[in-house]
Amino acid sequence: MAVLRTLLVSLVLLAAGLGILAAATDGFRAYTTETARRIRVREHPPLVPPLPLQTAAGGRTSFGELRGRWLLVDFIYTRCMSYCSVQGSEFARLQGSLAEPLATGQVALLSVSFDPTHDDPVALADYQRQHGDHGAGWIAARPVDQADLTALMHAFGVVAVPDGWGGFVHNAAIAVVDPAGRLVAVLDWNDARAAARYVTQRLTP
Amino acid sequence: MKHRSGRLCLVGAMLWAALAIPAVRHVLESTMTLQMLIQIPLLALAGGWLAQGAPGWLVRRLHAWNHRGISGLLLASLTGMVWMLPLAMDAALDDPQVRLAKFLSVPLLIGAPIALSWPRAGFVVRGVVLVELIATMMRLGWLYLISPIRLCSNYLLDDQQRLGKILLVAGFAILLVLVWKLVWGHVDSGRADREDARIGSD
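Respectively, the protein sequence lines represent chains X and V. Offset between the first sequence (1-based) and my numbering: plus 17. Offset between the second sequence (1-based) and my numbering: plus 198.
Because the hints were derived from the structure by calculation, they are not lab data. From a predicted model like this one, the values you see are computed outputs, not experimental measurements. Glycine included, every Cβ here is placed at the ideal spot set by N, Cα and C. Treat the hints loosely; a few may be bogus.
[What the hints assert, rightly or not] Covered by chain V, per the in silico footprint, the following chain X stretches (three or more residues, Cβ under 8 Å): (1) 18 to 24; (2) 40 to 52; (3) 141 to 155.
[Claimed, not checked] Here are the simulated distance ranges between beta carbons: (4) X:Asp208 with V:Ser228: 31 to 37 Å; (5) V:Leu355 with X:Asp43: 23 to 29 Å; (6) V:Leu341 with X:Ser106: 28 to 34 Å; (7) X:Asp180 with V:Arg202: 18 to 24 Å; (8) X:Arg22 with V:Ser203: 41 to 47 Å; (9) X:Pro196 with V:Ser345: 22 to 28 Å; (10) X:Glu82 with V:Leu341: 28 to 34 Å; (11) V:Leu341 with X:Arg59: 52 to 58 Å; (12) X:Asp180 with V:Leu341: 43 to 49 Å; (13) X:Asp43 with V:Ala211: 33 to 39 Å; (14) X:Ile37 with V:Arg202: 24 to 30 Å.
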């Protein structure tokens, strides 16, 4: 009898265990937080909070004000010396490939600093210049206070970890926000072409 | 004997409480290596000691559903699989509810069932569990070592690679111990059978 009962319990445990594993991994599709975030965003696009930003030019804008156009957003810190320093060049490249929709205001590029104490407007302007800013359609900005920064990083699912050398390691990506202000996709940070394609395919002619 | 198990139970409860102290938790969760090799095993150990104080009637009732420790070891393995998911590890750092789930489930669903099941497991069941443990350590170790991307958003790549190396070495060490026992050691498969015969007349 103990054998039969054990078999019964084991089958129940196995079913429950597999159910929990399936739920935790979005049906065995995501094993890392990053993959899970991309799937979640694609299937249930969250609304980005309309928080204010201070731009490299010194002025103000906000995610609310930027609604009505497609946004390609990346999170940066300007002191980055490693791979994330390439994020800037990718955005400069996007200025080239998306020149037309950027000029007509259908699309905007937005780099948000998650290191606002260091990245003041001057540092942000330097960052854009260093990476070959063409001067159109690329906004670099920082959140105006710590609470906004936390809220934005949470909304976009950005995690920055101190790297022990005074810098950060973060899950860099190109986030796509649609004209309704919803985060609809998270794409690879180093594939500007895919990001450009994603947006051009969805532009209304 | 009774005295000793009561003391172990108390030590287990104290260890459990100590691991939950925020300062201790922060240190042990500061790197992936400390979390996987120190914090989670200690939580399981606390649960194992705690189980020594389980009342006799409860143990007897559980044993009736735990032939040769199979259900208990299965429960521990499945729970272990959940906490091996990189996203579960991340969530345990970011989300207080998941953290609570980790602090409850590792002692109660991994440590305690192992403590109650291992002495009842025979040669074959122990062999299956140990070989699967070694294989998992080597699979994970290899994955952590060669993965060019960070699997946990909260931890650094060099931390992940260090953990990978340690898991590979530890897996190999357990394998050596197992081989040593098989070749030169004394393998006791009789005790579990005798115990089952004594309890399992039903």
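Results of checking the hints against the structure:
{"no.": "1", "hint": "18 to 24", "in the structure": "holds (count 5)"}
{"no.": "2", "hint": "40 to 52", "in the structure": "holds (count 8)"}
{"no.": "3", "hint": "141 to 155", "in the structure": "violated (count 0)"}
{"no.": "4", "hint": "X:Asp208 with V:Ser228: 31 to 37 Å", "in the structure": "holds (32 Å)"}
{"no.": "5", "hint": "V:Leu355 with X:Asp43: 23 to 29 Å", "in the structure": "holds (24 Å)"}
{"no.": "6", "hint": "V:Leu341 with X:Ser106: 28 to 34 Å", "in the structure": "holds (31 Å)"}
{"no.": "7", "hint": "X:Asp180 with V:Arg202: 18 to 24 Å", "in the structure": "violated (48 Å)"}
{"no.": "8", "hint": "X:Arg22 with V:Ser203: 41 to 47 Å", "in the structure": "violated (26 Å)"}
{"no.": "9", "hint": "X:Pro196 with V:Ser345: 22 to 28 Å", "in the structure": "violated (37 Å)"}
{"no.": "10", "hint": "X:Glu82 with V:Leu341: 28 to 34 Å", "in the structure": "violated (44 Å)"}
{"no.": "11", "hint": "V:Leu341 with X:Arg59: 52 to 58 Å", "in the structure": "violated (25 Å)"}
{"no.": "12", "hint": "X:Asp180 with V:Leu341: 43 to 49 Å", "in the structure": "violated (22 Å)"}
{"no.": "13", "hint": "X:Asp43 with V:Ala211: 33 to 39 Å", "in the structure": "holds (36 Å)"}
{"no.": "14", "hint": "X:Ile37 with V:Arg202: 24 to 30 Å", "in the structure": "violated (36 Å)"}
In summary, the numbered hints that this structure violates are 3, 7, 8, 9, 10, 11, 12 and 14.
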